[in-house]
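Protein chains: 2
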Amino acid sequence: MKNVYIGVDVGGMTIKCGIVDKEGNILYKESIKTINPKQSYMPFLISIKELLVKTIAKAKELKCTPKGIGFGIPGVVNNKTGSIDYVCNINLFHVPLADYLKDLKIPVHLSNDANVACLAEQLFGVAKGYSSVVLLTLGTGIGGGVIIDNKLFEGNEGKGAELGHVTMVVDGEQCGCGRKGCFEAYASASALNKYTKLSMEKNKNSLMWKIAKNDIANANGYTSFEAAKKGDVAAIDVVNKYIKYLGEGILNYCNIFRPEAIVLGGGVSNQGDYLKGLLEDYCGRQFYGYRETPKVEILIAKLKNDAGIIGAAALCFND
Amino acid sequence: MKNVYIGVDVGGMTIKCGIVDKEGNILYKESIKTINPKQSYMPFLISIKELLVKTIAKAKELKCTPKGIGFGIPGVVNNKTGSIDYVCNINLFHVPLADYLKDLKIPVHLSNDANVACLAEQLFGVAKGYSSVVLLTLGTGIGGGVIIDNKLFEGNEGKGAELGHVTMVVDGEQCGCGRKGCFEAYASASALNKYTKLSMEKNKNSLMWKIAKNDIANANGYTSFEAAKKGDVAAIDVVNKYIKYLGEGILNYCNIFRPEAIVLGGGVSNQGDYLKGLLEDYCGRQFYGYRETPKVEILIAKLKNDAGIIGAAALCFND
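Line order of the protein sequences matches chains P and R. Mapping the first sequence onto our numbering, position 283 (from 1) lands on 293, and the numbers just tick up by one. Mapping the second sequence onto our numbering, position 272 (from 1) lands on 282, and the numbers just tick up by one.
It should be emphasised that the hints constitute simulated quantities derived from the structure, not laboratory data. Incorrect hints may appear among the rest.
Stated by the list, open to error - Here are the simulated DSBU-like cross-link-like pairs (lysine-lysine), alpha carbons at most 35 Å apart as the crow flies:
hint, chain 1, residue 1, chain 2, residue 2
1, R, 251, R, 312
2, P, 190, P, 90
3, R, 190, P, 212
4, R, 39, R, 68
5, R, 305, P, 161
6, R, 32, P, 161
7, R, 286, R, 207
8, R, 161, P, 161
9, P, 251, R, 190
10, P, 190, R, 254
11, R, 286, P, 90
12, P, 115, R, 305
13, R, 305, P, 77
14, P, 161, R, 138
15, P, 240, P, 212
16, R, 115, R, 90
17, R, 138, P, 90
So here's chain P without its partners, still in its complex pose (with noise of 0.2 Å):
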């Protein structure tokens, strides 16, 4: 029997449970719908166990004992008492989720999404060898993970690492959260997409508008990008907009943990080498935050729809 590890992605559409090595190989994938509660959450649990049962038979089939059950959750948890305690956007609050599991008898983990993908990518993709990494997931909002000294670092109850509300600009735009000039207001992809339909609005000769079909509602930050690479002005300059406010944010996350790498995951970071060639540049021009300090590193995440099940099973590593 060899020992084997479960990884599970709560994400706000689909959860995805699979079976890992600790080489960081998916031995078996499984996905169900996300119940989203709409009075009780046991509903959401019920089908959680059902999928986990599930996994667990077709991990013995396999000859592979499940040594520890890891969650990525893309919310607020307790990873003392294993409960969710708040995600917004599938309407999870207090959950006792490795309560509710405890008589599959596996030991259960939970942390926040972005931390489980940065251990994934620290451990076996773009960040392997590095000791110390920080990684930000660029999407609807902005996720972080921290690794400290090959470490996860989660902080009280695993709440810590909130990367994406750092205020960055005081009594700048409202954040869902309920602050104001978060990161996450002026440098997720949500904030790339609103720099892009604004400016096609001003701009009605930009090459933005080829690119989305003549249709704003297709519009979005690959518009911009994809117009910015062939020269266009308008979209250079969301571009630069972009860049400028990502890049302060990650000389920031520099000065605080000067860590060896920044890796960048989430939707924007499709744009790849050209992304980090402007951003190197950016971040370049100012020492990366400070003077006579060691280079950081701006990377690429590669492990991409696999990080969270893998992130979550390693969790579990320890077991």
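Keeping the supplied structure of chain P fixed, place chain R upon it in accordance with the hints.
Using the frame of chain P, we list chain R on its own:
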């Protein structure tokens, strides 16, 4: 023979040196004027070695064995090579401190001054018993120290935790570090002094004038805090503005590190419980950064001028 540790607190005006035991008691203290090197750093190094030779002799007199020498440096160090890389206000660049002290045959450790202050407060001061702590020194600038899981966090080469150099207002006030809009430019004692003087110029009837003996050159943060406590409207505005920026910075570090406690040191922290009360109110109204998170204690540093010596010595406790 009792094991002791030598702590050296390098300041812009004075270098203080002490013999410290593992319980944090200072058994002997000595200080010299800081030699600000014009051309060569050798006079600076020679003066430190003399001070140490004297201190080591004193330790022997006291029947103690010095097991390590620790330094708190007001600038950028390299804790791998033991060099002082950059201290702008003592004109030090690439000073091979540990190397120069090799013949004393005692291990040498270097760290940033705010880091060692944080270590001192967590081991023997106001944050004793807390395992995760962020310290902010509110002086000419803002220094930062971080303890995670009872361990000092320093970042790559000891160049992390530059918590004052984090953009809080993109394109904002020019900061000494070269970037714009840093936390330090808005919430240091210097920033408070500036707010106070600007307000006095505008409000000729403010009580602040009386407290400053009708000379604006006497005005500083103490002036506005004292006048605010007595109900002066202009001074209350100054204090509220300051609390807002400092509060936003504290909330940011709650979200990033989610520590058990945030300790405030430096000149502004002399406002003690009054300052603490205002900040608890400001941060409490914003759920200490994020909903469903454990409360973060705001504490006032208590070791004051001894924190540097004790913390620097504590860098060597594992020698």
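Against the structure, the hints come out as follows:
A distance of roughly 25 Å separates the Cα atoms of residue 251 of chain R and residue 312 of chain R; the hinted pair therefore holds under the 35 Å criterion. Restraint check for residue 190 of chain P and residue 90 of chain P: satisfied, since their Cα atoms lie roughly 30 Å apart, inside the 35 Å limit. As the CA atoms of residue 190 of chain R and residue 212 of chain P are separated by approximately 29 Å, the hinted pair is consistent with the 35 Å bound. For the proposed pair residue 39 of chain R and residue 68 of chain R, the alpha carbon gap of about 10 Å is at most 35 Å, so the pair holds.
Among the hinted pairs, residue 305 of chain R with residue 161 of chain P is consistent with the structure: their alpha-carbon atoms are about 24 Å apart, no more than 35 Å. Distance hint between residue 32 of chain R and residue 161 of chain P is fulfilled; the C-alpha atoms sit about 28 Å from each other, no more than 35 Å. With a C-alpha separation of about 23 Å, the suggested pair residue 286 of chain R and residue 207 of chain R falls inside the 35 Å cut-off, and the hint holds. Of the supplied pair hints, the one linking residue 161 of chain R and residue 161 of chain P holds, its CA atoms being roughly 13 Å apart against a limit of 35 Å.
The hinted pair formed by residue 251 of chain P and residue 190 of chain R meets the criterion: a straight-line CA distance of about 16 Å does not exceed 35 Å. The straight-line distance between the Cα atoms of residue 190 of chain P and residue 254 of chain R is roughly 12 Å, inside the 35 Å bound, and the hint therefore holds. Restraint check for residue 286 of chain R and residue 90 of chain P: satisfied, since their Cα atoms lie roughly 29 Å apart, inside the 35 Å limit. Straight-line distance between C-alpha atoms of residue 115 of chain P and residue 305 of chain R comes to about 32 Å, which keeps the hinted pair within the 35 Å bound.
Distance check on the hinted pair: residue 305 of chain R and residue 77 of chain P sit about 34 Å apart at the alpha-carbon level, within 35 Å; holds. Taken as a hint, the residue 161 of chain P and residue 138 of chain R pair is honoured in the structure, with Cα atoms around 24 Å apart against an allowance of 35 Å. Taken as a hint, the residue 240 of chain P and residue 212 of chain P pair is honoured in the structure, with Cα atoms around 19 Å apart against an allowance of 35 Å. Between residue 115 of chain R and residue 90 of chain R, the direct Cα distance comes to roughly 17 Å. Compliance with the 35 Å bound is thereby established for this hinted pair.
The hinted pair formed by residue 138 of chain R and residue 90 of chain P meets the criterion: a straight-line CA distance of about 22 Å does not exceed 35 Å.
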